[in-house]
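Undergrad: So you can see what is in the structure, the chains are spelled out below.
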Amino acid sequence: MSNKKQVRPYGDTLHDGKVQVSFSLPVPCDAKGEAAAKAIAHAMHLVDVVVAEQRPLGKGYSFYIVYGTLTQTIDLEALEVIDHGETAMNKTDIETYIRDTFVEPLVFIGASTGTDAHTVGIDAIMNMKGIAGHYGLERYAGIKAINLGSQVDNEVLLDKALEVGADVILISQTVTQKDMHIRNLTAFVELLEAEGLRDRFLVIIGGPRISHALAKELGFDAGFGPGKFAFDVASFAVKALRERGVKTHKMTTDK
Amino acid sequence: MSNKKQVRPYGDTLHDGKVQVSFSLPVPCDAKGEAAAKAIAHAMHLVDVVVAEQRPLGKGYSFYIVYGTLTQTIDLEALEVIDHGETAMNKTDIETYIRDTFVEPLVFIGASTGTDAHTVGIDAIMNMKGIAGHYGLERYAGIKAINLGSQVDNEVLLDKALEVGADVILISQTVTQKDMHIRNLTAFVELLEAEGLRDRFLVIIGGPRISHALAKELGFDAGFGPGKFAFDVASFAVKALRERGVKTHKMTTDK
Amino acid sequence: MYLNLDSRQINRCRAAARKIAEDVHHHLEQYSTVAVERTVLRLLGIDGVNRFDVPYPNVVIDHLKASGVLEKGAAFAMAHAMNTTRLTPQAIAEAVDAGTLDLSTCMTQSAPDMTRLLEAFARVRAAIDKQSAYRRHHRINPHDKPLPDKYVIVATGDIYEDIEQALSAVDNGADIVAVIRTTGQSLLDYVPHGATREGFGGTTATRENFRLMRAALDEAGTRHGRYIQLVNYASGLCMPEIAALGALERLDMMLNDSLYGIIFRDINMQRTLIDQYFSRVLSAYADIIINTGEDNYLTTADAYEHAHTVIASQFINEHFALKAGMPSRLMGLGHAFEIDPAHPDSFLLEVAQAQLSRQLFPDAPLKYMPPTKHMKGDIFMGTVQNALFNMVTVMTHQDIHLLGMMTEAIHTPFMSDRALALDNAAYVARAMASFGDAFEIKPGGLVEQRAQTVLNEATALLEVIEQEGLLATLEKGRFAGIGRGRTQGKGLEGVFQKDALYANPVLDTMCTALKEDRPDEQ
Amino acid sequence: MYLNLDSRQINRCRAAARKIAEDVHHHLEQYSTVAVERTVLRLLGIDGVNRFDVPYPNVVIDHLKASGVLEKGAAFAMAHAMNTTRLTPQAIAEAVDAGTLDLSTCMTQSAPDMTRLLEAFARVRAAIDKQSAYRRHHRINPHDKPLPDKYVIVATGDIYEDIEQALSAVDNGADIVAVIRTTGQSLLDYVPHGATREGFGGTTATRENFRLMRAALDEAGTRHGRYIQLVNYASGLCMPEIAALGALERLDMMLNDSLYGIIFRDINMQRTLIDQYFSRVLSAYADIIINTGEDNYLTTADAYEHAHTVIASQFINEHFALKAGMPSRLMGLGHAFEIDPAHPDSFLLEVAQAQLSRQLFPDAPLKYMPPTKHMKGDIFMGTVQNALFNMVTVMTHQDIHLLGMMTEAIHTPFMSDRALALDNAAYVARAMASFGDAFEIKPGGLVEQRAQTVLNEATALLEVIEQEGLLATLEKGRFAGIGRGRTQGKGLEGVFQKDALYANPVLDTMCTALKEDRPDEQ
Ligand code: B12
Ligand code: B12
Ligand SMILES: Cc1ncc(COP(=O)(O)O)c(C=O)c1O
Ligand SMILES: Cc1ncc(COP(=O)(O)O)c(C=O)c1O
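Just so you know, the sequences run in chain order A, B, C and D.
Okay, so the first sequence: first residue is 1 according to this note's numbering, each after it adds one.
Okay, so the second sequence: first residue is 1 according to this note's numbering, each after it adds one.
Okay, so the third sequence: first residue is 1 according to this note's numbering, each after it adds one.
Okay, so the fourth sequence: first residue is 1 according to this note's numbering, each after it adds one.
Everything labelled a hint here was simulated from the structure, so no lab data went into it.
It cannot be assumed that every hint is accurate.
Said to hold, decoys possible - Partial pick of chain A residues on the chain B-facing surface, computed with a CB cut under 7 Å: (1) Val7; (2) Pro9; (3) Thr13; (4) Gln20; (5) Val21; (6) Pro26; (7) Ala35; (8) Ala36; (9) Ala43; (10) Met44; (11) Ile74; (12) Leu76; (13) Leu79; (14) Val81; (15) Asp83.
Stated by the list, open to error - Across the chosen pairs, the derived CB separations fall in these ranges: (16) His224/D <-> Pro226/A: 37 to 43 Å; (17) Gly48/D <-> Gly60/A: 30 to 36 Å; (18) Leu501/D <-> Lys160/A: 40 to 46 Å; (19) Pro146/C <-> Ala342/D: 14 to 20 Å; (20) Glu163/A <-> Ala133/D: 57 to 63 Å; (21) Arg51/C <-> Ala132/B: 50 to 56 Å; (22) Lys160/A <-> Gly48/D: 35 to 41 Å; (23) Thr487/D <-> Pro105/A: 27 to 33 Å; (24) Pro226/A <-> Pro226/B: 34 to 40 Å; (25) Met128/A <-> Gln467/D: 23 to 29 Å.
Ideal placement from N, C-alpha and C gives every residue a C-beta, glycine not left out.
With the hints as extra help, turn the sequences into a complete structure.
TA: This is how it looks when you write it as structure tokens:
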């Protein structure tokens, strides 16, 4: 049983450890280059290394495609999987949940921030149309969705969020080269903290390279990557807002 | 200078360590599978791991395409490159070399051995036509080339080699699944040794997964893989035969 | 989308091919082989192995050979033995193995009464018929589908691992699964027994392996609502026996082409041509599609220079099949996308060749093979080569679409290689399903010209073969550039001349059934 | 291979587009922008930055703006200053920066003598002319080549690393290299200075970076015996300035399309349309091919539903270019292969759309963009998508073939991604170079029908825009589904109404030269 958790890559025989690797090296494409490619593969814990392809990339560079057998195993049971918890509700259930839980419409404000001009992702989450057959937040009864579009400065986003009394801030980041998105997202968290507003909003981030784990690490409440839709985000948000007691019956009577 | 020998994979910035990896895992395609894929990548010394693609392969299996940064470096200067020594002569030079060195034609016998039915490789080396514009040994003045074709038993090959008085034995192996070729080649060396004939012939092997290093390791005189042609083989062989004094003037006068 | 071709020229090709096939048939009619006779035994119900793992059919035939009575045929001996001992064929085989029965002692010098023997065959026949009926009910012939059937291979060497791989392939869209055979098997003069886990470059073909894979694919097919076809190899020294096991275990296709065995496996031509006739009758009877191996020529010879050899061979194979009573709908004639990608306009030349096969054999479920020879270790370039191949497959309406693997030059396919290949093919098929509604071949243009050239060369070659005879042609190495002597090669010792009393009522029954039950197809 | 199209309908589209372009031009003629004026300064020879890294053109224009005299134009101010101080433009700029010269004090209320100013411009013009002459001698226009020119991007952020990547691409067959800009640059209202090593998703466009890459490509081109074209972006708030720097440093192509900036960068439409006119005159003068950005619409809106917006926009861009005196041979109109691969017959639909652009703009060096939006992390499937794209490029004779990267959804290209993409394109081009000699589009078939539908929708859209005017159209979000207000967006503050005394003899000189030197192209 405990053995069952040990996992290795699989080619055509269980535990054969077969892996495909490709990379370039800043060395000419010759016998030495091939030896270097093998050494790289060995450094990756591969044995039985086959250099299936080696080709020059122009002067002083070369490219390799390598197959090999990974000698390492990983323990499946020991893996920590960071996800959003329970499975998401669908749109109708979310709308019912909102009606039953909150006394006022929930306000979501979103933007693609910094110099990032990619809006397709945030639009997919926020706009009527949604994506891949899943409507966006704008279409949810009980949610007011305000999409500021792209290239929005962190400061402008925060000002607007305060101005409209947002409950949830949504941030999209697509350009990740040289960790652009990390810098930009970190700056937003720092801004919130500097203004003493970190607990004022539920702050959710998303984009092709965003995971829930990364979001948590950076100090956000949640993160959503590819294949996530409005209902995933809304599910998470409504439950989190209820937990915080935002706009719930209880809170309002208490006040 | 010593730093210059340290090499890492290259994506778009020197020493960025960028590597592409793909593999399957015998686990379902879910959050846990993704975590497992990341763990595999980490086990390969990759950091900044991006799981670019994850897809189910049917029940209980999944496939991953991963990009990451290799933290290891290799030392280029420390690599041992096992190759055939000097650069190969061309056909004309080889023919001259033979004329000037040997008193009798050199006899090469070759086959694709065991149950291996692939002949294109050995034909490329031995037959008139050759391949990719390089004539085969049959066309070389001073060389007698006998190609036994495919599926030739080790014993049959050896008998024939003795029968024709071969100087060089050429063996081709293409099927490598479950190290079929290693078994078959090892058996040939053992056969030679059992018969006390290991030094009687120059024995050269070839095939898509054969390298000079592997040949040496298995106890052969040389090995040639893809992109090697008759002139490479002949160059090596004539020099080695001369070194051994086979059919050279000197030997004949001595005797 | 069509090529303008001269139907008289095509008829000329067919006439030559008929003559070629008939000559061979005529020449070999007086011979039989150990494999044919073992198959007769299997069709009488003999199965299993003795304690040395020798299959009972081999035990019996070896016994007959040793006793010098094989020339009268297995049926002759068995009918006599059954009449004498009143034992079942299996019991007779076991008694022979135990040394308690000498079949020569049961024989007379006259033809036996075949009633008992035919009853035994009828029982096996019923099992085959049941499988055929099931298949007829569930399978749609690839030729009758709008898009090509996606055909993948599994080749792990271990039948249980093969099943895992096959199931994954089905989940990812495969329609046909072939279990590639272990590298040495075609040279074995017996069929191994039981489930096996240790093959090289393929998995041993055994009845039990067939059964295991068949059950797995039936289950997966039911789950996906489509019938999954299973393929193996009726080739090598046990060609007809494997055909029989395939019929019993409901394989749907069989690679079956003597020319492949002769050229690439150095199997004796007389042996395998005799075996082939019996195999094809059996496959026709059992409604099994055969796949011929013309594609292989182009892996050894140049695919541009030798394109016409494929066409000529297809015509010959067609007539070998017709001789065996096989209808066109079971003739999976082979060809391939193997022109060197360095060749200018290679894609257009491939279209020409593929469309030519398509039009010459409009009713055959053509088997189209992917690039293999010019696949290198560059899996990305290989992916592109496969994409172009997939396009030609769809454009020219091939039926059996053998998927190219990006790792062709590296290893037998991994599970993921197959999944990626299926995605490639599915995308291409979707992206250009209606190509023929959008484009036409330009009359007199490059494609039409090329097709005509290939047809001309094929016609000329067929006329040469018609003159010299197929066996001489094979000796000259006109196919794939590999020549084989008519009395050389493996398995010749298993060929024998039929005695005057030789009888094969099993074969005769199937031939009659083919003629009587499907007169329209003859 | 051709589509049967109605030439009257095409003329109708052109008439509408001419009206649309003329309306915009008429409306904006009375305005200029800070960017245009800075460009005038650059064309007088002003270059470099002050000790706060502010470029001297900005220093001068800010000064004029602060002094409230910008409305008369930079030329007005500079001519007066040159006449008064007898200094060179550069010296004047430096003096302004040092605070030792106040340009408003040099001015009178009447038009200055432009002789000195035009002499300064003539010197810069000579440098541009020299570059154009060199280019004319070495470059073959992509449109005049039998196969598409292969265009790749480099985007490391570091110009020295970009050079390494570009050289590798050239060694592997690239014909055109574009240095993608760092993500924020188009919103900067100045052009950064010097060699740079720190961009995000691209490398800063600076004159020094242009020079370094140009030198590297010239050297590589000489080695390979083919002229390598260099591309950058005349877009964003510094559109005309970059055009000027490109002309001086011999860039060969410039992405230049206000509609892109408006829609995707939220740049104010009035600002960028004014800037565009000047940029295109300059590019036409300097023989630089422009690339328009219609492809981008399909990355936001659906490529099947919105195919006609691309065609409509191409017609409009053609007329904006014609207005600026640009001949067709410099109009790299853009379009793209962006239909969802899940769409049935997507390949055939792409062929239809690509062939339509081809036939509508037979003399333009069309720029065809690869799949980007529907590229996912599956680099193998991405490789197939790129192969199909490459086929359409070759089949429909596109000219500027922007290569798709298998890693499109993951990162800006690695060196190996580009090499593999070049292999893919080269193989496909070789495999089907003669497609048009082999196939015809079926009259009334799927491809022709689709092309006609798209043309009909484009015609209808152009008629709507002709009615409502382009600015209103942009407000309504008819392109890419993104609406922008006419007084919103970045850079509006840089637009000013021309004073009665406003003069731009630099622009006028180029316009005259275009008319006089190339009357046949006007
Ligand atoms: C479309 C596109 C563009 C369009 C954008 C149009 C628009 N209105 O958005 C245009 C053409 C303008 C463009 C320009 C550029 N682009 Co661009 N672009 C793309 C492209 C092709 C598709 C992106 C996309 O729309 N994906 C579809 C959406 C639905 O997916 P998604 O964003 O991942 O969103 C999903 C999830 O992530 C999540 N999600 C996303 N955001 C959010 C937010 C929240 C709060 C939540 C909960 C969830 C969530 O939900 C969505 C639905 O599941 C990608 C390549 C690719 N195939 O991915 C390159 C790509 C993103 N671009 C890239 C670059 C570099 C640029 C430029 C900077 C290039 C340049 N220098 O000129 C420019 C400038 C833009 C800028 N400054 O940001 C790079 C980024 C490289 C990197 N990793 O850093 C890519 C990867 C291409 C490449 N390989 O080079 N681009
Ligand atoms: C052509 C071919 C066939 C033809 C062979 C025809 C013939 N007359 O040779 C046919 C169709 C018959 C065939 C059958 C099979 N094949 Co095959 N075949 C190939 C294929 C497509 C090309 C091989 C080839 O010809 N390469 C071209 C030659 C020139 O290259 P080369 O052999 O590397 O030779 C060069 C060098 O290596 C060197 N060299 C080679 N030999 C020698 C010898 C000496 C002495 C020297 C000095 C140099 C030298 O010089 C040559 C020139 O540079 C490969 C896939 C591929 N693209 O590689 C599969 C492949 C080799 N086949 C394979 C398999 C499994 C089989 C089968 C076993 C499948 C089956 N179960 O039915 C069968 C049976 C054959 C058998 N028992 O061996 C596998 C092997 C997998 C593995 N790594 O173990 C491959 C890789 C395909 C795959 N991915 O599954 N095959
Ligand atoms: C027609 C045909 N028969 C048989 C085989 C191979 O099978 P074996 O050598 O195991 O009979 C092939 C292989 O591709 C083939 O094409
Ligand atoms: C026409 C056009 N202009 C400009 C750009 C991007 O450049 P930037 O935003 O840096 O101006 C693009 C990007 O693809 C484009 O297509």
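Undergrad: Next step is simple, just say for each hint if it's right about the structure.
TA: Tested hints:
Because the beta carbon of Val7/A sits about 6 Å from the nearest beta carbon in chain B, less than 7 Å, this interface hint is met. A least Cβ separation of about 4 Å between Pro9/A and chain B falls short of the 7 Å threshold, and the interface hint therefore holds. The beta carbon of Thr13/A is not positioned within 7 Å of any beta carbon in chain B (closest approach about 9 Å), and the interface hint is therefore violated. The interface hint given for Gln20/A holds, since its Cβ lies 5 Å from the closest Cβ of chain B, which is under the 7 Å cut-off.
Below 7 Å, beta-carbon pairs count as interface contacts, and Val21/A has one with chain B at about 5 Å; its hint therefore holds. Here the hint on Pro26/A is kept, as its CB sits about 5 Å from the closest CB of chain B, short of 7 Å. The interface hint given for Ala35/A holds, since its Cβ lies 4 Å from the closest Cβ of chain B, which is under the 7 Å cut-off. With 7 Å as the threshold, the beta carbon of Ala36/A comes within range of chain B, its nearest partner Cβ sitting at about 6 Å, so the hint holds.
Hint status for Ala43/A: holds, given a least beta-carbon distance of 4 Å to chain B, under 7 Å. The restraint placing Met44/A at the interface with chain B holds, with a minimum CB-CB distance near 4 Å, inside the 7 Å limit. The closest approach between the C-beta of Ile74/A and any C-beta of chain B is roughly 4 Å, which is under the 7 Å cut-off, so the hint is satisfied. The interface hint given for Leu76/A holds, since its Cβ lies 6 Å from the closest Cβ of chain B, which is under the 7 Å cut-off.
A hinted interface residue such as Leu79/A counts as satisfied when its beta carbon comes closer than 7 Å to some beta carbon of chain B; here the least separation is about 4 Å, so the hint holds. The beta carbon of Val81/A comes within 5 Å of a beta carbon in chain B, closer than 7 Å, and the hint placing it at the interface holds. Checking Asp83/A against chain B by beta carbon gives a least distance of about 5 Å; that is within 7 Å, so the hint holds. At roughly 40 Å, the beta carbons of His224/D and Pro226/A sit within the given window of 37 to 43 Å.
Distance hint check: the CB atoms of Gly48/D and Gly60/A are about 34 Å apart, consistent with the given range 30 to 36 Å. Our hint of 40 to 46 Å for Leu501/D and Lys160/A holds, since their Cβ atoms are close to 43 Å apart. Distance hint check for Pro146/C and Ala342/D: the Cβ-Cβ separation is about 18 Å, which falls inside the suggested range of 14 to 20 Å. Taken as a hint, the range 57 to 63 Å holds for the pair Glu163/A and Ala133/D, whose Cβ atoms sit roughly 58 Å apart.
Distance hint for Arg51/C and Ala132/B: a CB-CB separation of about 54 Å, consistent with the stated range 50 to 56 Å. The hint said 35 to 41 Å for the Cβ distance between Lys160/A and Gly48/D, and at roughly 40 Å that hint holds. Distance hint check: the CB atoms of Thr487/D and Pro105/A are about 31 Å apart, consistent with the given range 27 to 33 Å. Against the hinted window of 34 to 40 Å, the Cβ-Cβ separation of Pro226/A and Pro226/B comes to about 39 Å, which satisfies the hint.
At roughly 27 Å, the beta-carbon separation of Met128/A and Gln467/D lies within the given 23 to 29 Å, and the hint holds.
When held up to the earlier numbered hints, the structure conflicts with hint 3 and nothing else.
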